[in-house]
Amino acid sequence: MKGVTSEGNTALHTAAGRGYLELVRVICDLDASLIVARNNLRNTPLICAARAGHVDVVRYLIEHAPAPAPASAAAALDAGACGDEESMLRARNSEGATAMHEAIRNGHVAVLEQLMSADGLLAAVVDGKGFSPLYLAVALGRADMVGVLIAAGSPRDGVKSPAYYAGPDGQTALHAAVLVSEEMTKSLWRWEPTLAKKVDNCRNTALHHAASAGKIGAVKLLLLEDSSLAYIPDVDGLFPVHTAAKMGKTGVIEQFMETCPNSDELLDNRGWNVLHCAIVHKKEKVVQHMCKNPRFRRTMNARDRKGNTPLHLAVRHGCDRIAVLLVQDVTVNLSIMNNDGATPLDVAIDELDHGYTYPLNPDVLIAQCLVWCGAHRSPRRRDEYLKKRTGVGGSEKELSKYTNLTQNRAIGSVLIATVTFAAPFTMPGTAAADAAVAVAVERPAFWAFILSDAMAFLCSTVATCLLMYAGLTTVHPRYRSRYHVWSSNLLHVGVLLVIATFSFGVHLTLSPPGTAVPVPVPVGNLNAAVCAMACVSVVFAHPGTWWPMVLARPIWARLGLKGLLGVLLGPRPIPCQKLLLSRTPWLNLFKMLATLLILALIFVTFLWDMAYLRQPAAQHYSFSSTLLQSQCHFNSHPT
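FYI, in full-length UniProt numbering the residues of the sequence shown are 1 to 639.
Bear in mind the hints are in silico, worked out from the structure with no lab data behind them.
Each hint should be verified, as a subset may be incorrect.
[Stated by the list, open to error] Below, in silico cross-link-like pairs of lysine-lysine (DSS-like), each with a Cα-Cα straight-line distance of 25 Å or less:
id, residue 1, residue 2
1, Lys220, Lys198
2, Lys285, Lys220
3, Lys246, Lys220
4, Lys160, Lys186
5, Lys186, Lys197
6, Lys220, Lys292
7, Lys197, Lys160
8, Lys282, Lys292
Sequences are here, hints too, so could you generate the full structure?
In structure tokens form, the structure reads like this:
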């Protein structure tokens, strides 16, 4: 009977784990000491039976436990065995789990009830990770087990041991309940109301957990029972409303404002309010909600311990969409200085990449937005900013930009050059009869096809040559930057012209010449669809062509329609816009102009060509017949 398996299991371990009650009785009659034996994982037969859910075996082992021997209990535990009934029930395995932990973890309610009836204080024993049985049941979402534990586990004197509801890192069962179930939250609150003010090792209350997870029901329950919970900070000074803002829980923030109207004025250790926290963690929906709600007006220009307003933080962290929302709110002051004497525009200029950059990067958009809307810089000497920009043009980071840009753009330019070079030799109509080719030459769409293809080929070829020079390390960085700017413009125009060439080619294929029959309705619809798709592709081929749409709303809110038109069409009134002169205005102006011209080319060509096709067939041959006669005359007189 003393034999064990390779895992250290005795015969009683095996019989108890498999629920063989009769065999358990026989073994216990032969050797009762096996009841307290442990295997290699320090599991007793009771733990094995509880894990498997065999309530009859659990009951038998509890009833036939060895007689208590208090004097030798400690020594027996140190030796790896259990010396009495109480220590056998509370025996823990190598993970620190008791039979009750195993019963809860595996979902055996009947075993839990049996253990609670045998020893109610067993619920106050935590495992190796600090999990009490109650915390474990709550974390697993077992409301039935929670009901058993809180109904049968209340001590007679009414004083509950902290170990009874303990969890890891100093948490309580209520910390877990608010994340799992509102019903369990109510049950635990009624069972022990003081749990709501218990804090973990980081001084988080259960309300912190509920707010961070967006559990509006649990938040409402806790606040209605005790609104003072909203004013308990954690170790960083963050109140529950701050955690809701960090996680973007707009509904929870509203619940705090309804119960505690001054929640938006609570500050953490850095002096941040709700809006500061939402901006730093880039919660756009929270910022948008606060900007639309008049009750948050007092937070729009609030300063933290460093004097930074919410707009300062949005600019510093590169939150372009949030910065646009704040600028759009006319109650936000755009020129407040922080403790360092810097306005939001100063911070935006400091965050700019003063080398070669993309015009729609967040730092550039933020600076543009502030400039267009009339933000001012601090009254300081401008040469102080030059120290930070020294050597930007020739830095290793900037030179690596040129190398990467050259590789990426060269692929696109060579691809465009290859496609446009082959297009004239495979253009629609070359495989048709001579008369059809002659008529195609007379069509506006044919001339537009040839013109756009030739211009795309020239633009891509010149861009390729410029990129070759821009990639040479022997060329001065200033010229490399210029070559990249020029090649970018040419490549953009080349892409737009390729789109136009494709649309003209499809149109020529769908509407063949040389017939007096009107264009069928399905073909006309296809032509219209091709024209529309080409126009949309031209507009969206480069986002920089529609960047004013991003800034239109804040400009409208600040300056109105007259100001919006003045900003987009007239001279700009802000002196510091010279800083942005090389980034967006002229570069995007050229691309916008090219986009508009090519859009007009596509639209006018389609209309003109469709009008041409509706003319009588005899008029189509006025010019084409001359070309055909010339070709026949040339063929009849070979050299």
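Proposed proximity, Lys220 with Lys246 (alpha carbon, max 25 Å): With a Cα-Cα distance of about 19 Å, the restraint between Lys246 and Lys220 holds, given a limit of 25 Å.
Please verify whether Lys186 and Lys197 have alpha carbons no more than 25 Å apart. holds (15 Å)
Is the straight-line distance between the alpha-carbon of Lys285 and that of Lys220 25 Å or less? Given that 25 Å is the threshold and the Cα spacing comes to 21 Å, the pair holds.
25 Å limit on alpha-carbon distance, applied to hinted pair Lys220 and Lys292: holds (23 Å)
Taken at face value, is the distance from the CA of Lys160 to the CA of Lys197 at most 25 Å? Since the Cα atoms of Lys197 and Lys160 sit roughly 15 Å apart, the hinted pair holds (cutoff 25 Å).
Below or equal to 25 Å on CA atoms is what counts here, so check Lys160 against Lys186. Status holds; Cα separation ~18 Å.
Quickly compare the C-alpha distance for Lys282 and Lys292 to 25 Å and report which way the hint goes. Holds, at about 17 Å.
Hinted pair, alpha-carbon criterion (25 Å max): Lys220, Lys198. Please report holds or violated. Within the cut-off at roughly 18 Å; holds.
The structure agrees with every numbered hint stated previously.
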